[in-house]
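Student: The chain contents come next:
Protein chains: 2
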Amino acid sequence: MSRSVAGPEIERLIQLLAKLPGLGPRSARRAALHLINKKDELLVPLAKAMDLAGEKIVICSTCGNVDTSDPCLICTDPRRDGTTIVVVEEVADLWALERATAINARYHVLGGVLSPLDGIGPDDIGIAGLVRRVAEGGISEVIIAVNATVEGQTTAHYITDQIGGGEVRISRLAHGVPVGGELDYLDEGTLAAAIRSRTPF
Amino acid sequence: MSRSVAGPEIERLIQLLAKLPGLGPRSARRAALHLINKKDELLVPLAKAMDLAGEKIVICSTCGNVDTSDPCLICTDPRRDGTTIVVVEEVADLWALERATAINARYHVLGGVLSPLDGIGPDDIGIAGLVRRVAEGGISEVIIAVNATVEGQTTAHYITDQIGGGEVRISRLAHGVPVGGELDYLDEGTLAAAIRSRTPF
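Protein sequence lines, in the order shown, are assigned to chains A and B.
For the first sequence, position 87 (counting from the first letter as 1) is numbered 87 according to UniProt numbering, and the numbering increases by one without interruption.
For the second sequence, position 42 (counting from the first letter as 1) is numbered 42 according to UniProt numbering, and the numbering increases by one without interruption.
A few of these clues could be false.
A pair holds if it fits inside one copy or across any two, identical chains being indistinguishable in the list.
Said to hold, decoys possible - Straight-line alpha carbon distances no greater than 16 Å define the calculated EDC-like cross-link-like pairs of lysine to aspartate or glutamate that follow:
| hint | residue 1 | residue 2 |
| --- | --- | --- |
| 1 | Lys-56 | Asp-70 |
| 2 | Lys-19 | Glu-90 |
| 3 | Lys-56 | Glu-151 |
| 4 | Lys-48 | Asp-123 |
| 5 | Lys-19 | Glu-41 |
| 6 | Lys-56 | Glu-11 |
The hints are simulated quantities; they were obtained by calculation from the structure and are not laboratory data.
Please put together the full structure from these sequences, using the hints given.
Tutor: In structure tokens form, the structure reads like this:
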């Protein structure tokens, strides 16, 4: 702000809110005012929730998920298929698959993808941990669920090189037409893949 | 979420973040993950800033601004023109005018506009406080800077009825072409107003 209109406490709140993804300087101001106007319903509970999260949240040392216990709820859930590991780039991807209740297995969060241009090599993401989990045995399938980007696919190939050759089946997500998607809006690569992988009707 | 993927602390954080304006359920999850990933740089400082804001922020009993002191910094600033009051709907409007360094005067935040359909009458917004401030004397001009909506203009007329007739000059914001605006995209009302209020070149 070109001129300070309020005490430094409000300015600081706006500055920090603006660092959240999806909030720019303008929406951060709006969010700050909303918080101030709803002090008891929102500001105070959110501050408490964040305090608690800051205290309690840890990274699962097995799979890289975020949770309040280590190992995380997913790694310790006996109702999950412990023989299958779904490899994802980020915790957000894990959450997306869980929301879809796509599979009832365990996960492995890489925390990134290989990207030589950005200086991100195999040691910078959780590949060693995945190799270790597979080597420990008991795993029958690894599903590589990384994004369909160049870096994602490079990472998928690297992982296949590292853990392939043994008993473990390695698979990746199917390519095809998104459910509800219109063909007219899809790129040629997706359409070609959808034709190639067509299924009997 | 259809299935709980993490402890209740994270779920609660996401739920509360989703109540901020501009954040939906999806961006709230993204914001929560961002906070968790940047615990020391963002989560902890933001929780502290919110705690502090919750403790310290008050509504100015003179003008309705939010600040950490009552009367607020603007009401007590001796370098401001105390004879002019700018009437705005919300604190956000006050901030917008201050960012523009549009005027160096005092403000009066109504906290809403007259809206009979929503059951909002003169007693529900800060009109009585404005009438009192004007009646106490020392005010030479009241600039009504409410939004150019039907409710805003109704409110402006009501205020004019309440405080008009005395020595105090009452004015409102000029209508016209926004700076940087393209005529082609403007509505007829704005263009007509811009022609009517044309200024010598």
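Student: It remains to establish, for every hint, whether it holds in the given structure.
Tutor: Structure-based check of each hint:
1. In this assembly of identical chains, Lys-56 and Asp-70 lie within 16 Å of each other by CA distance solely inside one copy; the values are 10 Å within and 37 Å between copies.
2. Taking CA atoms no more than 16 Å apart as the test, Lys-19 paired with Glu-90 passes in neither setting, with 19 Å inside one copy and 24 Å between copies.
3. Proximity of Lys-56 and Glu-151 under a CA criterion of 16 Å is satisfied in neither setting, with 33 Å inside one chain copy and 48 Å between copies.
4. For the identical chains of this complex, Lys-48 and Asp-123 are neighbours neither inside a copy (36 Å) nor across copies (35 Å), given an alpha-carbon limit of 16 Å.
5. In the homo-oligomer, the alpha carbons of Lys-19 and Glu-41 lie at most 16 Å apart only across protomers (10 Å), although the nearest pairing inside one protomer, at 23 Å, exceeds that limit.
6. For the homomeric pair Lys-56 and Glu-11, the shortest alpha-carbon distance between copies (13 Å) is at most 16 Å, but the shortest distance inside one copy (28 Å) is not.
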